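Asker: Use the sequences and the hints to build the structure in full.
Position in the sequence shown counted from 1, then plus 2, gives you our numbering.
Source of the hints: derived by calculation from the structure; they are not laboratory data. Since we're looking at a predicted model, the values are computed, not measured. A couple of the hints might just be wrong.
Said to hold, decoys possible - Pair ranges (Cβ atoms, derived):
{"no.": "1", "residue 1": "Pro33", "residue 2": "Pro117", "range": "30 to 40 angstroms"}
{"no.": "2", "residue 1": "Gly84", "residue 2": "Ala64", "range": "32 to 42 angstroms"}
{"no.": "3", "residue 1": "Pro135", "residue 2": "Arg28", "range": "30 to 40 angstroms"}
{"no.": "4", "residue 1": "Pro127", "residue 2": "Cys104", "range": "16 to 26 angstroms"}
C-beta: ideal position from N, C-alpha, C; glycine also.
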Amino acid sequence: MSVNETAAQRNAARSGLREAALTAARNAYRPYSGLGVGAAALASEPGGDECRIVTGCNVENASYGLTLCAECSLVSDLHRTGGGRLLELVVVGLDGDPLAPCGRCRQLLHEHGGPDLVVHTARGPVRLGELLPDAFGPEDLT
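Answerer: Listed below in structure tokens is the structure:
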């Protein structure tokens with residue numbers, strides 16, 4: 003695949019992220035709060051130039067503390083579909099407006115996308131490294 007084909011593929015996938023996140027939000031399990039959250043990310047294929055979209059939604063639990071955020075579900079989908087790295091992320095509510103990942107999710111996203119992961123926020127695209135400066139990661143465990 004040429005560099006131009008890769009860029010075209012990424013642009014096409016990127017344009018579908020918001021809609022994929024909104025679709026995921028509509029499928030959220032939200033019997034307690036009513037808050038549907040969906041996440042969609044552009045993910046690289048392991049060892050390749052191709053990309054795909056992975057998605058997730060929040061799954062509530064009666065104990066609240068065990069509720070899974072949409073980003074957690076998205077990382078599970080990343081690995082369920084073959085792994086790779088997260089490149090660009092959109093998280094939205096049912097109204098389609100962007101939502102910022104919570105602190106726990108920022109840490110999870112750092113491990114699977116790194117500081118250069120582009121996160122779409124209400125103020126526009128931001129690198130995860132700006133949302134989670136001085137992040138702790140796997141390299142700190144050696």
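Asker: At the C-beta level, are proline 127 and cysteine 104 separated by a distance inside 16 to 26 angstroms?
Answerer: The hinted range 16 to 26 angstroms holds for proline 127 and cysteine 104, with Cβ atoms some 19 angstroms apart.
Asker: Quick check on a hinted range of 32 to 42 angstroms for glycine 84 and alanine 64, using CB atoms only.
Answerer: Taking Cβ atoms as reference, glycine 84 and alanine 64 lie about 33 angstroms apart, which means the hint holds.
Asker: Is 30 to 40 angstroms respected by the C-beta to C-beta distance linking proline 33 and proline 117?
Answerer: holds (36 angstroms)
Asker: Between proline 135 and arginine 28, does the beta-carbon spacing fit 30 to 40 angstroms?
Answerer: At roughly 33 angstroms between Cβ atoms, arginine 28 and proline 135 fall inside 30 to 40 angstroms, so the hint holds.
In the structure shown, no violation is registered for any of the earlier numbered hints.
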